[in-house]
Amino acid sequence: METVVPPTLPDAAAKPKAKWWKIVVAVLGGGILLLGVLARLNSVALEVRRIDLMFRDDGKVLEITNVGKTTISITGVIANDRTDCRLTKLALIQGQERPYPIQLKIGETQSFAGTCRVVRATVETDQGSESYTFSR
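Numbering follows this note's numbering, with no gaps: position 27 of the sequence shown is 83.
It is possible that part of the hints are untrue.
To be verified - Simulated crosslink set (PhoX-like; lysine-lysine; CA at most 25 Å straight-line): (1) Lys125 - Lys161; (2) Lys161 - Lys145; (3) Lys116 - Lys145; (4) Lys145 - Lys125.
Read the hints as simulated data drawn from the structure, not as lab findings.
Since the model is a prediction, treat every value here as computed from it, not as a measurement.
Make a model of the complete structure from these sequences and hints.
The structure is reproduced here in structure tokens:
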């Protein structure tokens, strides 16, 4: 006659460990998601495009459009994190050059011409600053 041995029961200590791991992963995932949402809420509502001046494929012009819900004051624009890459307002197209701040109402666009090809631009505003990168 054979003796039937019942299957072994799972270890009681292993079960809470598995639950603890799932809770940690869920909390970390929720925290990362919350940080992403908060980062979008605090970002400056601008659309920044790099364009060419007169079909030359030089990438020396930035076009900044206010796509937000309020007026934005541009207090500075820095190209490529370099002081020798100056960006100035396109005065011939958009009127006389004026010093900062430049007010952009909703939907308004301002263009800036630079002395070098813009690969990275930092736009400083009254609502914070935002950096933009462009492909070469």
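* Hinted pair Lys145 and Lys125, Cα distance within 25 Å -> Distance ~23 Å between Lys145 and Lys125 Cα, so the pair holds.
* Lys116 paired with Lys145 [C-alpha distance capped at 25 Å] -> holds (12 Å)
* To do: Given the hint that Lys125 pairs with Lys161, test it: the Cα-Cα distance must not exceed 25 Å.
  => Between Lys125 and Lys161 the Cα gap is close to 9 Å, so the pair holds against 25 Å.
* **Given hint Lys145 paired with Lys161 - CA-CA distance at most 25 Å** => Holds, because 16 Å separates the two Cα atoms, which is no more than 25 Å.
Going through the hint list in order, the structure satisfies each hint without exception.
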